[in-house]
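Top to bottom, those sequences are chains A, B and C. Just so we're on the same page, my numbering is the position in the first sequence counted from 1, plus 126. Just so we're on the same page, my numbering is the position in the second sequence counted from 1, plus 126. Just so we're on the same page, my numbering is the position in the third sequence counted from 1, plus 126.
Check before you lean on any hint, since a few could be wrong.
[As the list claims (entries may be wrong)] In silico DSBU-like links for lysine-lysine, alpha-carbon gap of 30 Å or less:
#, chain 1, residue 1, chain 2, residue 2
1, B, Lys151, A, Lys151
2, B, Lys151, B, Lys167
3, A, Lys205, C, Lys167
4, C, Lys151, A, Lys151
5, C, Lys151, C, Lys219
6, A, Lys219, A, Lys151
7, A, Lys151, A, Lys167
8, C, Lys167, C, Lys151
9, C, Lys167, B, Lys219
10, B, Lys167, A, Lys205
11, A, Lys167, C, Lys167
12, C, Lys205, C, Lys151
13, C, Lys167, B, Lys167
14, A, Lys219, A, Lys167
15, C, Lys205, C, Lys219
16, C, Lys167, A, Lys151
17, C, Lys219, A, Lys167
18, A, Lys219, C, Lys151
19, C, Lys151, B, Lys167
Calculated from the structure, these hints are not laboratory results.
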Amino acid sequence: MTTSHSQGYLVTIICETVLQDRLVKLLSTLGASGYTIIPAKGAGSHGKRMGDIAGYNTNIEVKTIVTPEMSTQLMEDLKEFQSTHALIAYHQKVEGLFD
Amino acid sequence: MTTSHSQGYLVTIICETVLQDRLVKLLSTLGASGYTIIPAKGAGSHGKRMGDIAGYNTNIEVKTIVTPEMSTQLMEDLKEFQSTHALIAYHQKVEGLFD
Amino acid sequence: MTTSHSQGYLVTIICETVLQDRLVKLLSTLGASGYTIIPAKGAGSHGKRMGDIAGYNTNIEVKTIVTPEMSTQLMEDLKEFQSTHALIAYHQKVEGLFD
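Here chain A stands alone, though its shape is the one from the complex (with noise of 0.2 Å):
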């Protein structure tokens, strides 16, 4: 509709709350120019360990905007986080009012 939009790619990471300073510092490493948390709670695969006991978890809700490469590059590293805790991420490419 018109030119003057970005466009780039918003990963959101829904995952136990613990791994927050990890992902702020990866995003960081990654050159993320922001990100945004918000707090949520779960259960089954978006936000409970095997074994866990509690039926909910406390878990963070984070989305960043980023390039093409970075969210690629992005998903990549947080295949690591997946094998030790409740973590799912999903990218989809928008457009609109960003650096």
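With chain A's structure known, arrange chains B and C on it following the hints.
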């Protein structure tokens, strides 16, 4: 970019908090592997029932990633909630790291 | 899959909480049928103004589903906020259950 990503439908439901238990039960019945719940507030058709006096309501945003078939079924099942409660829902195809 | 779903543009705005009242007024002026607000925190261009000393800021995520025309107008109107406040916004085409 890489072929190791899962594909699925992200369903987002925004509704009155009072529906939480019923939604969780519905997701479980449909076989969703997990879900995330975030507290929210809203107004208009996103969160206020006709006749509701307060401008704000206590809402939740529920997200789940499911198969295309489950997404279609979930949307159908959600319609019955709309006759009695404020609820909107939308789905988007996403790819990433999830079951 | 089914033809009974509505189509619209989901606009997500992440900005400083101080903008909340002005955004709600803007959405109302544009004729948005509703909106959802979720408290968030952020850093970088997603939530920190240049010169802001704290690493974290109090932000909100505002979501609304509107027509393509309203989405374009909303994006234009949001640009003026960016000169003085931390704000990002993006829109995505979605389908589902909403007015």
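Each hint, compared with the structure:
Of the supplied pair hints, the one linking B:Lys151 and A:Lys151 is violated, its CA atoms being roughly 37 Å apart against a limit of 30 Å. Pair hint B:Lys151 plus B:Lys167 holds up; C-alpha atoms about 23 Å apart against a cutoff of 30 Å. Between A:Lys205 and C:Lys167, the direct Cα distance comes to roughly 25 Å. Compliance with the 30 Å bound is thereby established for this hinted pair. Between C:Lys151 and A:Lys151 the alpha-carbon distance is near 37 Å, which puts this suggested pair outside the 30 Å criterion.
Using a Cα cut-off of 30 Å, the hinted pair C:Lys151 and C:Lys219 holds, with the two alpha carbons roughly 23 Å apart. Proposed proximity of A:Lys219 and A:Lys151 is supported: the alpha carbons are some 23 Å apart, at most 30 Å. Distance check on the hinted pair: A:Lys151 and A:Lys167 sit about 23 Å apart at the alpha-carbon level, within 30 Å; holds. Between the alpha carbons of C:Lys167 and C:Lys151 the distance comes to roughly 22 Å, so the proposed pair stays at or under 30 Å and holds.
Distance check on the hinted pair: C:Lys167 and B:Lys219 sit about 26 Å apart at the alpha-carbon level, within 30 Å; holds. Of the supplied pair hints, the one linking B:Lys167 and A:Lys205 is violated, its CA atoms being roughly 33 Å apart against a limit of 30 Å. For the hint pairing A:Lys167 with C:Lys167, the CA-to-CA distance comes to about 16 Å; that is within 30 Å, so the pair holds. As the CA atoms of C:Lys205 and C:Lys151 are separated by approximately 16 Å, the hinted pair is consistent with the 30 Å bound.
At roughly 16 Å between alpha-carbon atoms, C:Lys167 and B:Lys167 fall within 30 Å of each other, so this suggested pair holds. In summary, the hint linking A:Lys219 to A:Lys167 is supported, as the alpha carbons are separated by about 26 Å, within the 30 Å threshold. Taken as a hint, the C:Lys205 and C:Lys219 pair is honoured in the structure, with Cα atoms around 20 Å apart against an allowance of 30 Å. Distance hint between C:Lys167 and A:Lys151 is fulfilled; the C-alpha atoms sit about 16 Å from each other, no more than 30 Å.
A distance of roughly 27 Å separates the Cα atoms of C:Lys219 and A:Lys167; the hinted pair therefore holds under the 30 Å criterion. Restraint check for A:Lys219 and C:Lys151: the C-alpha separation of about 29 Å stays at or below 30 Å, so the hint holds. Simply put, C:Lys151 and B:Lys167 have alpha-carbon atoms about 16 Å apart, close enough for the 30 Å limit, and the pair holds.
The structure does not agree with the numbered hints 1, 4 and 10 stated previously, though it agrees with the rest.
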